[in-house]
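Number of protein chains: 4
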Amino acid sequence: MMKVLRLLSSSRNQFSTRGALSMHAHTHSTSFSTASKSFSVKAGTSADYVHAPFHIYKGRAALSFSPVLPTFTKLESGGLIVGRRGVVMLRFTPAIGERKYDWEKRQVFALSATEVGSLISLGPNDSCEFFHDPSMQSSNAGQVRKSLSIKSHADGSGYMVSLTVVNNLLKTKENFIVPVTAAEFAVMKTACSFALPHIMGWDRLMSNMPTGVGVGRQQSKVVPQLLDEWDR
Amino acid sequence: MMKVLRLLSSSRNQFSTRGALSMHAHTHSTSFSTASKSFSVKAGTSADYVHAPFHIYKGRAALSFSPVLPTFTKLESGGLIVGRRGVVMLRFTPAIGERKYDWEKRQVFALSATEVGSLISLGPNDSCEFFHDPSMQSSNAGQVRKSLSIKSHADGSGYMVSLTVVNNLLKTKENFIVPVTAAEFAVMKTACSFALPHIMGWDRLMSNMPTGVGVGRQQSKVVPQLLDEWDR
Amino acid sequence: MMKVLRLLSSSRNQFSTRGALSMHAHTHSTSFSTASKSFSVKAGTSADYVHAPFHIYKGRAALSFSPVLPTFTKLESGGLIVGRRGVVMLRFTPAIGERKYDWEKRQVFALSATEVGSLISLGPNDSCEFFHDPSMQSSNAGQVRKSLSIKSHADGSGYMVSLTVVNNLLKTKENFIVPVTAAEFAVMKTACSFALPHIMGWDRLMSNMPTGVGVGRQQSKVVPQLLDEWDR
Amino acid sequence: MMKVLRLLSSSRNQFSTRGALSMHAHTHSTSFSTASKSFSVKAGTSADYVHAPFHIYKGRAALSFSPVLPTFTKLESGGLIVGRRGVVMLRFTPAIGERKYDWEKRQVFALSATEVGSLISLGPNDSCEFFHDPSMQSSNAGQVRKSLSIKSHADGSGYMVSLTVVNNLLKTKENFIVPVTAAEFAVMKTACSFALPHIMGWDRLMSNMPTGVGVGRQQSKVVPQLLDEWDR
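Protein chains in written order, with the numbering used here: chain A, 107 to 338; chain B, 107 to 338; chain C, 107 to 338; chain D, 107 to 338.
Calculated from the structure, these hints are not laboratory results. It cannot be assumed that every hint is accurate.
Where chains are identical, the list cannot tell them apart; a pair therefore holds if satisfied intra-copy or between any two copies.
What the hints assert, rightly or not - Here are the computed lysine to any residue pairs in the SDA-like style, where the Cα-Cα straight-line distance is at most 25 Å: (1) Lys-180 / Met-266; (2) Lys-295 / Asp-261; (3) Lys-295 / Met-195; (4) Lys-206 / Ser-241; (5) Lys-277 / Ile-202; (6) Lys-180 / Ser-170; (7) Lys-206 / Thr-179; (8) Lys-164 / Gly-264; (9) Lys-295 / Arg-166; (10) Lys-164 / Thr-220; (11) Lys-211 / Ser-183; (12) Lys-164 / Ser-244; (13) Lys-180 / Thr-270; (14) Lys-206 / Ser-245; (15) Lys-180 / Tyr-207; (16) Lys-180 / Trp-209; (17) Lys-206 / Leu-181.
Turn these sequences into a full structure, and let the hints guide you.
If you want it as structure tokens, here you go:
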């Protein structure tokens, strides 16, 4: 069965800075390949994050992916609310020789939680396609168009993952094709299933609470969370 | 195959305050849409919780869901026992215009662990239905009746999720219908599978223990947990 | 397809104290039902554990289950090694009236990691059966015989879970039968899948490490774990 | 359907020390069987790790497996990047009598993330095979050849897991065969699915962040992670 999902990302103002992001992302990826080079991080920001992209190197292009966690905003009450949503960031880089990739020419595609849900529920014979407009809700809306396609091989042995970026402003059209084996796709699905609750911020709902019940802390009333909601 | 599960929530006195809860929940949801506005939290309660509902906005109504963790009660021995059970809270809000929803009119439906089990085991062609009486075991028992229905589309492309609330006291009947795509339902299933051990309190069973084996802590006897049960 | 797995638990000396355990377990369960009563814990033991069993109450008996984590032994090197293996403990309690259960007469059955593996891989039409001898490797070997059977309903709507305990010493034979719906079994499978790495001790392998990379801790060489194994 | 995956591990210089590793691994395994004996750990290394291998003892050989976490390298910016990739380490030990195994003769096989993906996506009738050259990219390349085969039984009741090590330098050929039941393989799959995000280092991406939002820590801007990437 060939099931093609066509979703037009509405992405309420959350991916509008993607142009800038992909430029900066290049800086990061350079560092991935030459570990001695340090990141160019803005002074004053917390630089203590972890980089653990998973790379799939193929003949014509490389695909890497890693989660980007949501940010939280503090409420006057002291609670936290999800601000910017998390994503799973896909990065495509063209090959320029044997085992050589041009990180300057990479393009990114940020999967939302729902798109991750689509990916992890793909059967061995299913396919899906997503469309993003990085300039949505700006004056450049419609000028850059990205489409990601995940198409299963006929024999169920894997998927063809491809990204097309059409940029009417620069008059360019880029295409990246990465064949992904069933085993590699299993890694993507398992890792994305693991990441999904985290990009939704649900791991915080959990990890925020154990403080009250830690060994050695004695409290008469443990875990007051949501008492105001449940107990009236 | 159309499999309809009909479960009458017995919910031993744990959902009896739902009327009050849905009123309070409205206050919260207002804040969700206008982040600059702070929560109205009771003074003295712990306000350091995290809000990370997942929203599915559709034409006639919006559906959001998030886990509510269990509470624990301290025993004289120093141990902890689950008090109020956790739930996955579904919230339905009617649309009152394009991309506008009336948070004042929202209704909630709290899925128990078993109902979550039902949801996460739904196949692409399965359906299920749950009935709740928020006033069970009170003098108003039977006066308010909520039913949640999750019905698969014939082509397996998703589900129709609907909530009906009949309130004999107020002489009202409300109905919320939210079509959920297969991708969105995959998010619900994955997130609810992640949340299930947490609403059961099983994450505490785990997280309560590492203290004894932390790096830098030297103990002759590590992890005495349950020694009284196993070692006699 | 009806697939019956018959496993004779060899359980190298790890379940030999089960007779004593089931006696003590009764004390615990009394506390579960009457929360005002405290546990009888041996003085000097760490009592700061968490009780979060999941209960399935049915007409003839109740079934509850919860994980019991492994214990660790400290090596001279400072490392930790799994001592007693963790289990998922099933507890069966006979009904003695409407919604009343006789906790004094409960019987337990401790699922090993492999038996948990068997349970979580059961299809809707599969069945399995386990046999335990709590007195294995003692002089009473063979005198008490426990068998747990999980048998799917013909229509795939759930399972019949039953425990038989034959005690030749006391000349008794007890039988517990608990029908488990598909939704309840989904809770068992999801919770047991979550618990499995924990009863194997694999969560410790993970949680033992983040200390070295915590925000605010600066180290030139992060995560020295297993350097002795990999770096020579 | 018999699907045989043949993957030649390219393993960019990350498994080149495997010869040394398997020698050292013997020291570890000796300790597993005689807990009173301590590990021989290099002075100065952090010895506070946890050993929790899962053992499958069979007539001709034993198979154990446990995750080995990745190492991280600190960047000048303060961030962390994955250095050596994590693996799931399989260990095969030949039997030399009833319930006796010769830990001196054990051989290891380190599953990469992609190979783990292959294992966890194996259906009940699937098979796979992996080839490793521990001396790849050294002058001894091609001299030692390891192949791991996981072959399903015809009746779906389990798998035959076998490792062959051909060493042209020592003129030896070793073969280990361990029949694995469906229940034991379910443990492997569940444990490896749990371990996969950890050997990829993705648990760090998560666990690195909660510090900023811990209860009791008040910050005006919570979770600055990746602000430099998203906010410009």
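Hint check:
no., hint, in the structure
1, Lys-180 / Met-266, "neither (42 Å within a copy, 35 Å between copies)"
2, Lys-295 / Asp-261, "both (19 Å within a copy, 24 Å between copies)"
3, Lys-295 / Met-195, "both (14 Å within a copy, 22 Å between copies)"
4, Lys-206 / Ser-241, "between (31 Å within a copy, 23 Å between copies)"
5, Lys-277 / Ile-202, "within (22 Å within a copy, 42 Å between copies)"
6, Lys-180 / Ser-170, "between (32 Å within a copy, 21 Å between copies)"
7, Lys-206 / Thr-179, "between (41 Å within a copy, 23 Å between copies)"
8, Lys-164 / Gly-264, "within (14 Å within a copy, 33 Å between copies)"
9, Lys-295 / Arg-166, "within (23 Å within a copy, 32 Å between copies)"
10, Lys-164 / Thr-220, "between (27 Å within a copy, 14 Å between copies)"
11, Lys-211 / Ser-183, "between (45 Å within a copy, 24 Å between copies)"
12, Lys-164 / Ser-244, "between (35 Å within a copy, 24 Å between copies)"
13, Lys-180 / Thr-270, "neither (38 Å within a copy, 35 Å between copies)"
14, Lys-206 / Ser-245, "between (37 Å within a copy, 24 Å between copies)"
15, Lys-180 / Tyr-207, "between (41 Å within a copy, 24 Å between copies)"
16, Lys-180 / Trp-209, "between (36 Å within a copy, 21 Å between copies)"
17, Lys-206 / Leu-181, "between (47 Å within a copy, 23 Å between copies)"
This entry does not satisfy hints 1, 13, going by the numbered hints stated previously.
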